[in-house]
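For the record, the sequence lines run as chains A and B. Final position of the first sequence in numbering that gives the first Met the number 0 is 458; the numbers increase by one with none missing. Final position of the second sequence in numbering that gives the first Met the number 0 is 458; the numbers increase by one with none missing.
Watch out, some of these pointers could steer you wrong.
[Unchecked claim] Only part of the chain B face toward chain A is listed, based on derived beta-carbon distances under 7 Å: (1) S188; (2) M326; (3) R328; (4) T414.
These are calculated hints, taken from the structure and not from any lab test. Just so you know, these numbers come straight off a predicted model, no measurement behind them. Heads up, the beta-carbon is just placed ideally off N, CA and C, and yes, glycines get one too.
Residues per chain, in single letters:
There are 2 protein chains.
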Amino acid sequence: MEFNSLKDADKRYIKSIVSPERFSTGTSNLDLHARDMSSHPASRPEAVVWPAGREEVSRILSYADQRRIPVTAWGAGSSLEGNPIPVRGGIVLDFSQMDRILAIRTDDFQADVEPGVIYKELNHKLRHTGLFFPPDPGAGATIGGMVANNASGIRTVRYGSTKDHVLRLVVVLANGEIIEIGNRAAKTSSGFDLLHLFVGSEGMLGIVVETTIRLVGLPAEFASAVATFQTVEDASKAVFDIMRSGLDPAALELMAPECIERRKDLGLPISPTLFIEFHGPTRNQLTDAVGIAEGLCHEHGCREFRPGLDRAERDRLLEARYAMGEMIRQEHPDHPSIVIDVAVPISAYPEMIAFAREAARKAETGPAYTFGHAGDGNIHLVINRGGKGRESWQRIEEVNRTIVDKALALNGTATAEHGVGIGKAKFMEAEHGRSLEWMKKVKQLLDPNGILNPDKMFP
Amino acid sequence: MEFNSLKDADKRYIKSIVSPERFSTGTSNLDLHARDMSSHPASRPEAVVWPAGREEVSRILSYADQRRIPVTAWGAGSSLEGNPIPVRGGIVLDFSQMDRILAIRTDDFQADVEPGVIYKELNHKLRHTGLFFPPDPGAGATIGGMVANNASGIRTVRYGSTKDHVLRLVVVLANGEIIEIGNRAAKTSSGFDLLHLFVGSEGMLGIVVETTIRLVGLPAEFASAVATFQTVEDASKAVFDIMRSGLDPAALELMAPECIERRKDLGLPISPTLFIEFHGPTRNQLTDAVGIAEGLCHEHGCREFRPGLDRAERDRLLEARYAMGEMIRQEHPDHPSIVIDVAVPISAYPEMIAFAREAARKAETGPAYTFGHAGDGNIHLVINRGGKGRESWQRIEEVNRTIVDKALALNGTATAEHGVGIGKAKFMEAEHGRSLEWMKKVKQLLDPNGILNPDKMFP
């Protein structure tokens, strides 16, 4: 695609659409929107705009589409595959000022929100209602970013991904047209499902300016436990047994010893560790579930099973799990890393885990860290570059490909929750085959000039 | 769209693709594929083909696309909006011979099935595994038909619709191309979600030839109850209170007295009736839930609350609920009917119920029957024509429109689970606004010659 850079006249016009204080070409603002939390190279936009409403978004897109100027939506910048990096420059639309919770309908278990609402803040505001929005990505993500990325997280094993909680969207298309998709009923079989086409489309098909999300009742009770094992493979086998037992955990997280080692504050033995949580209406039921899980862990050589974590212990552990990515970055400030995010059917999880760790070991990369939303069959392996040269980067790229190829051979996916962005584009042909061509055609249909978040997803 | 009728040469060619015994132009076969369970006028295809595999489907579509011959997929013909009626003639592809269960992977809670597999038979075969496929449409539906229609039913209130259980599809496109979409991991954020675009597309974007579905563990325990009320409005208010309490019923069905009256065999008082069921791991928990539900029912003037139905009683009641449509048809053999299938947010359910019943009463139609998957905010109102003339048909059409308009005004949907087909096409503009134009563009993209199930969905 050929794009135009922003001329002075463009800047004047766009500034006239929004108010001047919501338009910036200042270096620090450009730098703040040049990279996400990944190691992908930074690329500055030419201007940052903070829209205040859908009409502004519509007018900006309409103009940019005619002028062939790239437009990339920006949530919190917490993505991990370079998803919102404006690689072709143009305009970044930062949604942090469209952050109103428009309605909370507790009777219907629903909320209408603008895309800039922060996930954690939404759940904080919902707390007194007894409801929550469950697909917890753990970072400072916005709802708009979660929708764009079909985000999931620690709670997905029980409660599903973002796509399972979106009922209605208001989307601005590349040409500036505003369309409303879906409705507020609990179910529908009316027309083609355009809703899910936009969820997870990484801002490449349209820009979400309002969402109706389905909420879930907070559990009356929870029970959390930590289990430590001899080997990561043993832990992964316990994961498989817990999932196939039908116990329905509300969290089932794996952390390898190298992840625990850096967090002495948790007071855990430096061993492969599972964090297990159940939600339910009564304490007795949860005690039963924890008991069954304990038995299954012991069948796989569990060293220590510590049930009955209190809320403070539980929260500290979850916080440590959430902070894993940042902890690794701080540990290796000069080692750009690749974050592997494959998922496989749960029966293949032990094989996938063993394969991935062995692949990293054999390649003699820099330090590698294994963790993940194990109950979903999801593995994160953060592989740091060993040296400084191009060769060491190639080596971790090769490990990445080897692991993704294995996940695909096991009928899994190259990217379970981080989206495609820049980093996973190279695997799309292998994963999707001919259907990738139809994804391209859908892109061409909805964004014929290719202005929306260009040069992503497609190799 | 202009289509060609089947010439002798076409018939010979298509017969050469499949074996001769799987091709028919016999009158009785054409008649058997001329109408579904709705009152929409019958329309014969010109030929019926029973494909045996995806390659045959591909070759037929490729040929039909070049020759501009309509092709309509056929499951069990149990739909209620004329969805598979071949209104433009052409070829009907009957999938009853592609009915293999290709794999059941109990460890992964998954099955791979061909589209002709009968829903009930699948669950029968799954019984010994402790798993089931929950979106129960109640009719003799096939999995292919359920995917085409995003079917849901009695279990949807807890377990979701078909769309929530499809992980992977193999689809033959209008041009004969075979594409595989999705994978067998529990979650993915890889590429645009084409999967959900095909689920619920009523065979208008492509024809599904294989599906990987997600299964669910059978509940260890269930508890069923029947509650009878003074008025349907009282019952609908109890529904709202049960849903907003967060009790998570596994069935919450409403039957108005006119539905009960015809089923004296159930031994129920002729009153507005709720059927309530809970699923869970322990009997104690369910007893608690039933107790809470009972209290909520009594707050709305419940006459009798009968908990602790045994399996035989429960099954008889569910069978009666499933048989409602057929019972009404048999009761009024000469009165074609309209089946209303709106859904609204649960807080609007009492208002919607009252409005719909009053609209039917005022219009002095023939006998009307109210029932529905109340927990989903879904209302079925079967309205029979009062007389024989055109005027009496117009009258029920007007009631239909009045009720749909109200459902849309309450932020609901014109069709919760029966799809669009012929009968709901006239409401699509009101429901979808500008996004309907994009549905048309998606249709144009995937089926440029419009051969797949033509003249449906779009007004």
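Hint by hint, here is what the structure shows:
1. S188: 5 Å, holds
2. M326: Where the cut-off is 7 Å and the nearest Cβ of chain A is about 23 Å from M326/B, the hint is violated.
3. R328: 21 Å, violated
4. T414: 5 Å, holds
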